[in-house]
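Q: Residues per chain are reported as follows:
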Amino acid sequence: MTSLNSFLFIAFPYIAFSVLVIGATYRYKSSGYKVSSLSSQFLEGKKVFWGIVPFHFGIILLFIGHLVVFLFPEAVLRWNSDPVRLVLHEGIGFTFGISVLLGLTILIVRRWFNPRLKMVTNRMDVVIEVVLLSQIILGCWIALGYRWGSSWFASDLSPYLWSLVKLSPNIEAVSALPDVIKLHIVGAFLILFLIPFTRLVHFLVAPFHYIFRPYQVVMWYWDKKQIREPSTPWQITRPRNN
Amino acid sequence: MDIRSQISMVFHLDKCIGCHTCSIACKNIWTDRKGAEYMWWNNVETKPGTGYPGKWEDQDIYKGGWEKSGNGIKLKGAGKKKGLSNIFHNPHMPVIDDYYEPFTYKYLDLIESPASDDQPTARPVSLITGKPMDIKMGPNWDDDLSGTPDYARNDPNLKNLSPAEQQAMFQLERMAFFYLPRICNHCLNPGCVASCPSGAMYKRGEDGIVLINQEVCRAWRMCITACPYKKAYYNWHSGKSEKCILCYPRIEAGYAPACMHSCVGRIRYLGVILYDADRIHETASAPENELVDRQMDMLLDPFDPEVIESAKKNGIADSTIKAAQSSPIYKFVKKWGMALPLHAEFRTLPMLFYVPPMLPVMASLTEVDNSAQAEKLGDIAKYWPDKWLYDTSTEELWGTIDQARMPIEYMASLFSAGDTEKVKVRLKKLLAVRIYRRWKTVGDISEEKANQVLSDVGLTQELAEEIYYLTSLAKFDDRFVVPAAHREQAIEMIENAGDRKGSTGFGFKEGTAKRGL
Ligand code: SF4
Ligand code: SF4
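Line by line, the protein sequences give chains A and B.
Residue numbers are given in the numbering used here: position 17 of the first sequence equals residue 17, and the series is strictly consecutive.
Residue numbers are given in the numbering used here: position 312 of the second sequence equals residue 554, and the series is strictly consecutive.
Next comes chain B alone, as it looks inside the complex:
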């Protein structure tokens, strides 16, 4: 057992309101620079949708992540052989137009144009060339299903759905969507790091944050391809790759990352997870249907005395172990089993987990005959041809999940490498807590029934209360348990304070030989 600690995250998708506050917070701090205008280290996508960059999930196009090869794994589009032989021209690298050409407007024209018969306009200009341009694409162009034939319909996750299912999904009456906020997953088996020919990329041992050393990055651009989430970006102005740094200066100082701190929906949780680094390779090489479970197995129980002992032996501080014990991530992912990694089949072992959204699958649809109702309406009254009834009752306990209006296969393609069972289990838990709380607050459900749904999914009243608390009421300090690289110790993340011992005050800076003695 080689225990390491990792800062890990959970995003609770039911709570995301798609406001993009997180993206803006990140942009303002980190990517509001020349060459980085197009980068959104944090972005929020509408699903179904093609995302950013377009169709990033389609690894037939971008060749990101790992693939199985014999008993092990190999990088799909990079690595020692492929990477070095394609070093002059990387055939699978997205170009700026796959994201969008960054632009601004000539706002000054609004103020400075001379009096005339027409309104002045602020023309869009490219932030690359400075020339006027026609905007063809922007960040979140497909927000809330806009432009659906071009975007949502081309979502790579639809490929497992039959044409009829797809057709049904996009009927106006059934359309549903949810938001998927994405940042770098700070993976345990990062494709980006493995692909970097100059060795500029690394995972920090202390907290698992994946970084790019800008001094060593030489613009070989392999990480852009190798990250299956397209979360490593090329800065066209500086010629270096950049990525989400999980606001490590903030984390070291005990603050939550900016995107998480500012999250309006309070969907984000951050904390420590202890894991067994010896099992990384073996887990990443597991058969596709075991990937999720095996990754969960790697994450260790911070209360287990054996785990604590070997963690200490590995030099993990008591404060970090303490943080791991109160980690909201451990609860969501392991204790309650409610969260899943995004696209486990890319085999990078992502450490950002998602609680799958229940709302778009809630409400089963039944066709009803409302002609009687329609007859009652006068001619002038609005004609309402809607024959669908959204059934949100709790009579049929799990019925809503089975006849969900957004196919579970779609969710499974995102969160569980296609295994619908894993998604269903989690959705049922979400629903069970709801039903339980409904008994408590509204009271139109019997206690018996509430208890029954809870035991159906292996929860108890106490656990349900805990889940309810952390989901709906949790305060800042419950959602973000930042381990102690406390402010006063933060310097130790950068240098060994022991090195500086004796370097000021009395005594000598140089060794005896250097002093000529």
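Chain A on its own, in the form it takes in the complex:
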């Protein structure tokens, strides 16, 4: 049992994280062409709305929620010390959990029953659908069955995750957790592990830089003014675009 625990909670997290970093970098470097998610809105544009929107907004919020508890456990505990705020916090989290669950179910059903979408579904899409679905079901189950997750996450899991970050893993607290929660944790690392191999990579290239760039993009292949400048014939001057 201990060896299984140390594999799942010490070795696997490090493996998953290394695979994520190396795999995603490799995929990006070798061909930017593959770093995206194959949108199927073009083949089916109506039902997808009811799945994809609740799914994405839900999962983004849950991700941020988990991240905040991991990064600022004390602040979360302080916030949760008031029962009203605790219930509010958990309630919001659970609502988004349900929205992910519903959204994902709609997406899976849609993909399954539309012959056109079958043509743009690959094996890894199915794998990631199953993993995400199980993860979200586990998450909702934990939220209901093992109350006030945000508090015990902050007090038990956050230190564990930090111990991983500090390279001195301490798995005492995790080993004592119920199996459902353990599964959820392993699921999280599994998702990290799978990112470079699935359409999940697209979230790594979310286009925030769009906000800061001018609308029009003009590119020159080379700087025509510089190239005619006799004083710099041996310098390579890349064009300034835009």
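Calculated lysine-lysine pairs in the BS3-like style (CA-CA distance at most 27 Å, straight line):
id	chain 1	residue 1	chain 2	residue 2
1	A	Lys-34	B	Lys-276
2	A	Lys-46	B	Lys-378
3	B	Lys-297	A	Lys-47
4	B	Lys-297	A	Lys-46
5	B	Lys-348	A	Lys-118
6	A	Lys-47	B	Lys-305
7	B	Lys-322	A	Lys-34
8	A	Lys-118	B	Lys-276
9	A	Lys-29	B	Lys-276
10	B	Lys-378	A	Lys-118
11	A	Lys-118	B	Lys-373
Simulated from the structure, these hints should not be mistaken for laboratory data.
We have chain A already, so just place chain B with the ligands on it with the hints.
A: Chain B with the ligands alone, transformed into the frame defined by chain A:
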């Protein structure tokens, strides 16, 4: 003044015979691939008609292009706020059925089916699913006004016409149509580029061709919405957007794009236009009735010494300036003022201009009493109840344009943001050249009259000859003046040949530090 050069085009619509050779040439080279079967980077529509994808001109549906907002403009259906908040689901994106589901036929069944009492048939199968399908729509489904109640009657350009005018337009006796070949306009203020969240789309500085970097495109699908001409397409198989690349590999090598090269009607012209990039934003934000004129103002005279000087300062090659001087586009658009952009009100400043078609508006219609004629016909002779007379005479000089059988309002909705005057001026010029040539060749018009029509529209005999030449006689090299990104220089469009200097032969490839010195 920030002068840039742009490869620009003119399509002379009177000459288009609707043969779709251009579309096929393009398809064979670029879009005969999985996921791109439905794409027609070049397509030819019958007008009036709903086009491809259906009703693409109706921006209430597709939200393409720019709209005015305060003193400036903003994207109608995309942009930083709208684009990013709709990034998971783009509510105004057309889906495959708005174009058509691509199909092929099971041809092998014709050969391989066993002997039987019935003819074997080749059933249509979907190119997406491979399953048998019923074809509901295809490219050019509405060619030559077929299926008119479903298509031509729903043309978004009819909305400015009164019901009575519309009714009149679709009387069998009056029906007229023309062809509208469309490719990407390689706009100066492209909506597609502005909408791309990942920055995969760009306009090339050297020649203004608008491209999508396939390595950077991440399937956010915003360009599909933002291009008001629906000339950016989503490849459902590769998950990337694609669009007309103006055959840039051919242009770089000095050839005309495939659609233009193959054009049977020789309606297409391509050449360089110099323009002032500083005025893009201001022009695109102009009030609707000034848009066309302001866009014309941005295009500069390549013979003006001041323009030449600042063009050179901007690094534009002498050969490009030379090409701009002999550009057929400059002549049609600026010198003669005969061409107009399509749907200027979308505010993308399209750089493909159309000479509006005169033929469908020619021939005014008058009702005549032909009962006397009918009486002469025997019972067996064909009964011909047609009471309309097509008047193609040149007696009433501009009468045919004023009482045209295809309403000028319709043309104006396409080519001049609703301003009928602008279309009329151009049509009159076309007609004037005709009348002038008729004096020359047929001789049933007096020289005096020919001169009068010419001066009415501000043309001279010399100009009329020039127009006639470029319209009817022009050879390949007159129609396509491809600037010098000559074959031998083409590599410089992709990399700076200076970078490669010293990288072969004697010497070192690495700098001193890298060599450990
Ligand atoms: S026509 Fe459309 S795709 Fe082409 S440059 Fe203009 S906005 Fe972009
Ligand atoms: S090839 Fe030329 S004439 Fe034929 S449809 Fe195309 S544009 Fe018109």
